[in-house]
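So the sequence lines, in the order shown, correspond to chains X and H.
Here the first sequence stands for residues 1 to 174, where the numbers follow UniProt numbering.
Here the second sequence stands for residues 1 to 1059, where the numbers follow UniProt numbering.
In short, the hints are calculated from the structure, not lab data.
None of these values were measured; they are calculated from a predicted model.
Some hints here could point you the wrong way.
Stated by the list, open to error - Pairs of lysine-lysine residues, derived as BS3-like cross-links and limited to a Cα-Cα distance of at most 30 Å, are as follows:
(1) X:125 <-> H:358
(2) H:977 <-> X:119
(3) H:910 <-> H:863
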Amino acid sequence: MSQIFNPNPTIFAPVKSSKASSDYLWVTDPLESNLDGEEVDSEEPIDQDEIFDLIRSISDPEHPNSLEELRVVSAPQITITGNCVNVEFTPTVPHCGMSTLIGLSIRVRLLRALPNRFKIDITLKPGSHQSELAVNKQLNDKERVAAALENPVLVQTVEQTLVNASLRGQPAED
Amino acid sequence: MASTSSTAADSVEQLVTTWMVSGRDEELAAAVAEVSEGRLLGVVKALGTYLTSEQDDLRTKGVDFLATIITRCPQNALNRQSVKVLTAFFCDKLDDTETIVPALKGLASLPPICSSSDALVMINAIFAHVKMRALVQSVRFHVFTIIDGLIANHRETLKGMKKDFIAPYISLAEGEKDPRNLLVAFAIARVILIEFDPTDHVEALSNIVFCYFPITFRAPANDPYGITPEDLRIALRRCLNAHPGFGPIAIPIFLEKLAAGSPAIKRDTLQTMTECFSVYGPVFLRTAARKLWNAVKLEIFQPTDSATEEAALAAMQALVVTIHAEDDAQDEDLQGLARDACEECIGILREPEKSQAKPAIKVLCAFMSTTPSVSRYTLAHAVPHLLKLFADPNEVPSRHPILLLLSDLIAAARDSANAKSTPEEPMSDSTPEPPLAPFKDEVLGALISGVVTLAITRAALAGLTGLVSTPHLLSDAELGFVVLKVNDVLETCLDEEHSDDRSAILKLLMIISSTAPAHVREQTLPLLLGSLPASAPPREAVAARARYQHVLSALSTLCGPPPLFETLVAALLPRLTAIAFAPSAESDGAADDPELRAAYLHALLAALKRALEGKVDEGHTDVAAYADTLVPALYGLCVRAALRGGPAAREPRVVGVVGEIVGLVVQSTAPARQQAFAVVLFPAFLSGKIAPLCAAEHVSIEDTFFPFAADATTAERNLLVLFEAGVVPLHPSVTIDADINACTETILVQGLAHTDTDRQAEAVFRTVGSIVNKHVDELGPFLEHKTTVYWAERIQDPAGTPAQRRQAIRVWTWLCKALLVRSHPRALPAIDRLFEVFGDATIGTDAAKAFGDIAAADGVLTKRNAAVVRFLWAQKFATGMLPRLMGGARNESDPALQHANLIALTALIKAIPNAAYAHEMAQLLPLLLRALLLPDAQIRANVIETLLAAAAQHKSTHAVLAEHAPALTRQMLAYTKPGAPVTSTRIRISALRYLGVLPAVVRYDVLHPVKAEVLRELAAALDDPRRGVRREAVDARFVVVSSLCSARLIGVRAGKYGA
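If we strip away everything but chain X, and leave its shape as in the complex, we get (with noise of 0.2 Å):
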């Protein structure tokens, strides 16, 4: 855990967090429009922003940094069909060694927070790392998946990155 792979990374500025875009009529007062009206049965399925705004606000393991300040994660990098989501991710520098432990916090953060009629696929971005293979399958072997969430003491670190997680993007309150 010393070792630091990545001593200055370059940080992004955050995205604007998503909102509903406002094809209104009627300019109304958002206190009053949402809650207290009738049930409007309008299903609103999960899509990639609601499941970006579960893991931007990740910290990462390795700098004071959300996953999303580093441009580790991504709306459109994230994609979902059906019951399948696949969550891609870079790995700030090719050498990464935090890369299996980043995709494991993401992968706990989802099966806490996504029903689990999903199934959730973990990969790192195409040639940004490595050794990709062995990370995506490491990350998807559901065998090893459980034995690694045995340990306890990784456990603690992943339950570390996953402090912040619920800010989505917003900035922390003192």
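Got chain X; can you put chain H on it based on the hints?
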């Protein structure tokens, strides 16, 4: 005479003897009184044998008695001679191990009254006989107190002793450990260091000071002296920075602690360094500068936390200020630390996109508020460097971070100039040139070229904001140029994707308009107004509609300052008329939909309202003037539409927002002007004399308008809202009508007789409520009629139709509320009558819900509307009402009554702040749980929200919650299902929030039995059709998983990888 004195002597002797045996306080007090009257000698005589006794314990007791008396008696009771004798006596006793403790106690009160020769005797005796290591803490405290007293009262004498004082004192103070003694010791050490001449003893003194650094003392749980580590830290710091000679000793210690310490120690070290540097002096610090910079730098570039980082920056500033204080070198000549550090940081800035660039720019920014020469040097190197990078074609991808760094620098330059100019001479005209002035043109050029490049607009805007907020930097013409360029960007940012850019631009423009509104008025407003469409865009043109909404929100943000608002009103009024009454254009074909026009009209009016709200909040005085222009125009617009057609302006929502605007303006006018307004307003609605109220352009004298009449159209009656808007803000001193009783009765009866929408009826209730609140003393007959006839006929009589009776309950609610808000004696009896109809099958529930409406806050009876409002009226009402309702809700004799009480209870609780019922929570909780079962979605959601608020705010309720937690949890889980029989998004969201709050509130063992169930059910809630619900489910599950699962991932594994 002789006999009295001998009896006195006998009595004193008796006193002493008694005390020796009993040790009681009475004898002591008597002896103190004796001494206070100048008879010390008698007491000493009486003590004589004990003071010199051969028996150790008697001697100790004797000296202790004397010492206690001396400590307690007033200082003027002892004369010079007796002080001298006492000093000599106690000093003598220091030699004796049995009496040293009481002798020190006696000496402790003498320094303020003894002579300087006594002081010498005292200090020498202490140095000669006192062995600190042999004494306990409280006695050592006496020693320190004596020395502290001597230093305070006989400083010159002690100074004269020179090394004979300092050296023995050092050996005396060495090895002290107790915090209380240390506080005194540090104070003594500081005086010695500053006032005595310690040059030869610096090393030795450092031994009794530096061994305590850093303070790691932690106060024990119930420390009687209440000494905090912070007290010690500050006292010690005042020693460390007391002598310049400490420098060479201190710096290695500081560096060592900084490298090895915990975050708290690091912070302490940095703060201490900050305070010490100026004392240690530039000559020494220059030699240590390199090492210090390297150590402090580490805390800035790899900070442990933000507080440490800040402390490190402050330490570095102090270092630079000390080293470069006297050096007035011109730019290029600057040598030493600042130059090296600057070059190092600029070196790091060669890669502006990297994470280390941020701390580097922080260092440079911190340099800006040190000395003028350093600040000049920093700017002269950093700004051109960043500008060069910006111009470099290879660095185009990094332009965003470059501009961000530049804007940090601009802001720092601005703040440093502000910090220097404000405290000294705020009025001075000869303001110094802003530090950034030499680079103004280049920086402005770069920022302007950045602002028009889409990808880096935001960073450039941050820089421009810094520039324009620097006083005296940009000329008027340059500000105009900035506005011009920014306008171009604004034009491209009027869609949804650029909302962040847009708000940054608006912020910039608002700063400019606070100093130079003319530019914004002449350049930006025409641009924005021009981009509003002339008529409402067709229904499918979503983008065009979003665009005009953005334009309008920009306008309402910008138009706060009076000249801008004036322009806005002048531009919007004709446009409103045009949209409301323009004949449908042929070119639009059949697409001329009145709803579209109404929506556009509404959007324009809402923008006006938002701007006005901002102005009212900021207390602008020009608002009142719009009573003469804007108000008649708007009344005219609506009345004309109601009378002669113009479907857009008839729309109730449009009328509603017009009402709000009217209300805001009337609120802001003086009572005299309100009176003039009332004289026109009441006849306009009640007697048909509408013309004087409205702008002549819209309404002529022949128009007749009787909204209260039976044959009035719906559109006319909708304008009752505008009547309400005019009446509600009127001051109590404004006369309503010659016969106010008849007038109010007319409004109520005529108004309600023909209403065809709820909003119309609501307008009547509110109008009447406001009048009753302000004029209750004149309304005796009106209220009398209500409580007798009206109550009996309209509410109690079951013959009335349900709708009528419900309406009457609403009237009653508003009357009660108007009286209650001002704590009128009629209020409570009127509210009590509601209980009479609790059992009524038709209106029982309505009467119960009225309790919530009565206690709830509303927009009518407020201070702003000049209503008579008593402090904490809702709390008082709730305190009085709760026990009765709770009793009723528990009483099972009549289910209907019980049901009504329960509803009233939940309605009331929802309406009042939860501090008002927190003390009842233990009794309330079971009732609330029962109310959760009522099949009414709104009540259910109210109850859950009440529970949420209670859990979050009142620790006292947690024990009660724990008792019901498992039942509550299951109940809430049932409510999270989207298919539950009575449900709404609101219920599901608040139920999930509650589940997320519970683990923090209730002990783990209480929730253990339901853990598996919670995790399973929450997993199902993750699949809710509504996004807002899913979001809460994720958060609730996160809380539950991390707080309930000690073997963390059990939930996940059970779901996914379980057997």
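Here's how the hints hold up against the structure:
no., hint, result
1, X:125 <-> H:358, "28 Å, holds"
2, H:977 <-> X:119, "23 Å, holds"
3, H:910 <-> H:863, "22 Å, holds"
Taken one by one, the earlier hints all hold for this structure without exception.
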